[in-house]
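With these hints in hand, go ahead and build the complete structure from the sequences.
If you read the sequences in order, they're chains A and B. For what it's worth, this note's numbering labels the leading residue of the first sequence as 1, then goes sequentially. For what it's worth, this note's numbering labels the leading residue of the second sequence as 1, then goes sequentially.
What you were told as hints is all true, and nothing was included just to trick you.
Here are some, though not all, of the chain A residues that point toward chain B, as calculated from beta-carbon distances under 7 Å: (1) Asp68; (2) Glu71; (3) Ala75; (4) Met76; (5) Ala81; (6) Gln116.
It is worth saying that the hints were derived from the structure and are not from the lab. Glycine included, C-beta positions come from ideal geometry on N, C-alpha and C.
Below are the chains, spelled out letter by letter.
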Amino acid sequence: MSEPLRLQGISASAGYAEGPLFDLDQTVVSYVGKETADEEKAALETAIAVATGRLTALIEMAEGDAADILEFQIAMLQDDALSSPAFAAIRTGLPADKAWRQALDTEAAGYDASDQDYFRARAADIRDIRDQVLRALSEDGDVQAPAGAILYGEDIAPTRFLETDWSRGGGIALRAGSTASHVAMLARSRGVPMLVGLGALLAHLAGAALLDAEHGGIVLLPSKADIDAFRQSSSSFRARRDRAGTFLARPAVTKAGTAVRMQVNIADPSEVDGIDIATCDGVGLMRTEFLFGKTLPDEETQYRAYRKVLEWAGDKPVTIRTVDAGGDKPVPGFTVEESNPFLGLRGIRLSLARPEVFRVQVRALLRAAVHGNLKVMFPMIAIVEEYRQATAMFAEEQAVLATRGIVYEMPPLGIMVEVPSVAIVPEAFAEAAFFSIGSNDLTQYVMAAARDNSAVAHLNSVRHPAVLRLIAAVTAFGQREKIPVSLCGDAGGDPASIPSLLEAGLRALSVAPAQLAMAKAAIADISV
Amino acid sequence: MSASAEATVVITHDVGLHARPSVKFTKLAKTFAAEVEIALAANGPWFDAKSIVKVMAAKAPKGTVLHIRASGDGANDAVDALVELVRRGFDEGANHVRTA
Numbered sequence: 001m002s003e004p005l006r007l008q009g010i011s012a013s014a015g016y017a018e019g020p021l022f023d024l025d026q027t028v029v030s031y032v033g034k035e036t037a038d039e040e041k042a043a044l045e046t047a048i049a050v051a052t053g054r055l056t057a058l059i060e061m062a063e064g065d066a067a068d069i070l071e072f073q074i075a076m077l078q079d080d081a082l083s084s085p086a087f088a089a090i091r092t093g094l095p096a097d098k099a100w101r102q103a104l105d106t107e108a109a110g111y112d113a114s115d116q117d118y119f120r121a122r123a124a125d126i127r128d129i130r131d132q133v134l135r136a137l138s139e140d141g142d143v144q145a146p147a148g149a150i151l152y153g154e155d156i157a158p159t160r161f162l163e164t165d166w167s168r169g170g171g172i173a174l175r176a177g178s179t180a181s182h183v184a185m186l187a188r189s190r191g192v193p194m195l196v197g198l199g200a201l202l203a204h205l206a207g208a209a210l211l212d213a214e215h216g217g218i219v220l221l222p223s224k225a226d227i228d229a230f231r232q233s234s235s236s237f238r239a240r241r242d243r244a245g246t247f248l249a250r251p252a253v254t255k256a257g258t259a260v261r262m263q264v265n266i267a268d269p270s271e272v273d274g275i276d277i278a279t280c281d282g283v284g285l286m287r288t289e290f291l292f293g294k295t296l297p298d299e300e301t302q303y304r305a306y307r308k309v310l311e312w313a314g315d316k317p318v319t320i321r322t323v324d325a326g327g328d329k330p331v332p333g334f335t336v337e338e339s340n341p342f343l344g345l346r347g348i349r350l351s352l353a354r355p356e357v358f359r360v361q362v363r364a365l366l367r368a369a370v371h372g373n374l375k376v377m378f379p380m381i382a383i384v385e386e387y388r389q390a391t392a393m394f395a396e397e398q399a400v401l402a403t404r405g406i407v408y409e410m411p412p413l414g415i416m417v418e419v420p421s422v423a424i425v426p427e428a429f430a431e432a433a434f435f436s437i438g439s440n441d442l443t444q445y446v447m448a449a450a451r452d453n454s455a456v457a458h459l460n461s462v463r464h465p466a467v468l469r470l471i472a473a474v475t476a477f478g479q480r481e482k483i484p485v486s487l488c489g490d491a492g493g494d495p496a497s498i499p500s501l502l503e504a505g506l507r508a509l510s511v512a513p514a515q516l517a518m519a520k521a522a523i524a525d526i527s528v
Numbered sequence: 001m002s003a004s005a006e007a008t009v010v011i012t013h014d015v016g017l018h019a020r021p022s023v024k025f026t027k028l029a030k031t032f033a034a035e036v037e038i039a040l041a042a043n044g045p046w047f048d049a050k051s052i053v054k055v056m057a058a059k060a061p062k063g064t065v066l067h068i069r070a071s072g073d074g075a076n077d078a079v080d081a082l083v084e085l086v087r088r089g090f091d092e093g094a095n096h097v098r099t100a
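Following this line, the structure appears as C-alpha cells:
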C-alpha cells in the first residue's frame, strides 16, 4: 500500500471536500460539434487563439531551447498557411476537430517523408501543435467530472466551473491558479472549496483525495487516520459556518445599532434557487457575461434570465450589470484579443463599440423591467459621455419597443465606480441614478496590481488608504447629492475588510450568497 | 514603381533552414513590404518567405543553394538582408549547434 501523499497550496475558497480526483488536463478529446460551419470556424479560431495564448504564457518561464521551441510553435500557429486547409475543410462541412486533425496530419506527413533526420523530427512538433489546439477545442466540449469529484489541473476556466454540478460536493485543486482569479471569486460565491498554487511537480494524479481548503492542504491516498482527522476538521468547519448561519435570517446591524443593507451578487440565474430572498435586501450585482459564455445570447434568452431573477426578488431591487466582457472574461465572437486586456476594450467600452450586440441586451432589460424592481448599471465607465451614450441607447430601444407595441419599463440607470477617474471626480457623474463601487477593479487600477497575479497580491488590497479614501469620498458625495452608493466587490464579503468599509461610510454591501451569513456575523461585531 | 530582385546563397548552417532559423528568416522577411519568396531550384517551386509553415516545408538542408526573390517596394533591400542573414549562419555560432 502506497504512502499518503501530502501537498500544500493556498486556500482560494475555504471548505472541505472528499472525493475522487478528476484530471482537468487529460488529453482525451471529446469535441462537441456545432450547428453551422460558421460556428465551427469560430470554435477553431478560438481554440487556436487559446493555444497560442498558453504558449505565450509558457515562453515567459522558459529559456534556451525550450523558449526556442515555443517561439517556433507560436510562429507556426500564427501562420494562416497552417490553418487554411482546416478552414477550407470546415467550409465543406467537416467539424472543427476533424478538419484541424486532418490538416495537421497532412502537414506532419510531409515531414515524416523527409530523408533528413532533422526535418523528420519536426513531425512531432506539428503533432504537438495539433494536440494543443485539439485540447483547447475539447475544453469547449463536455467532459463531465463525476459528482463530488475534486477537479485537479493546471488551471480551470470560468466556463468549466459553471458547467460543473457542485450540488453534491466536490472541490478544485490547481497547480497554478490564483486566489484573485475569476474562478476563485465564483468558488467563494458558491461555497466550493478551492486550493491554488500546489506547484508543478505532479502532472497527473488520480485516486481518492482529501481537500482541506481551510488550511491549504490536500492528501492523496489517505490513511485511515488521515480520513478521521479530516472528517473532524470538516465537521468543525461546518459547525462554525452554521453558527454564522444564525445571523443569516436577521437583518445586518452593528453593535452600535447601525443598519447595513445586505444584497447578494449572482452570476447565473439558477443561483437564486438556493437563496431565501428573506435573508437579503435584493440583488446588488447580477453579472450577465456568463449568459454570453459560448455564443451571444438572443433577446429572448436574456429576457427570460432577467425575468426569472426579478420575479424571485419580488419588490426587492435587482441590479443587473450590462455585459462586462473583456479583461479576464473573454467571450468568443465578441471580445477582441489585446496585449493588455484590463486596460483595453472591456465593459461599457466594448458594448458601445459593438452596439448591435449591446442593443439586444438593452431591449431584453427594458422588457424584463416590468416584472419587478429592476435597476441597471454600466461597468467600466470612465467618462460621463459613455454613460450618456449608453442611456441614449436605452431611450432609442424604448422607442423601438413602443412602436412595436411591446410592454417595457425604463429602469433607473446607474454606474459602476471602478475606474479611478470616476472615484476621483464623482461630481462629474451626478446624473447617474446610483453608484455601485466595484472594489476589485477599483483596487487593481488604483494600486496598479493585477488581481490575477499572485506575485503582486500583497499590493492588491482594498484596505490600502488610497483605495479607502476614494471609497469614502464617493460615499460622502452620494450622501450629499442623494445618490445611493453601495459596494459589490469581494471586499464586501470579507470579514477582515468590512470594518474599514463601514468606517469609510458605506451602509450597503452586496456579497456572494455563500458569504452573506459570515458578513452579517462580522457586522454584528463592529461598533460603527 | 515595382522593383524586383533575385539572388542565391548557400546555406552553411549545420542543419539547414530549420526551426529557429526559420523563425528569424520569416520575421525578417515580414519587415519588408515586398513580396518575398524562396526556392531550392531556379525554376521553383517558390515558397512564401513570410510564412514559416511554407519555409519549413521547403526543408532546405545544409549545402542547399537557396534562391531568394522579391518584388515590390524595397525588393532589393529585402533580398540583400535575407541573403546576409543566411550568410551569417542566422547569427548562430558555428560551434553552437542546437537541435531545436
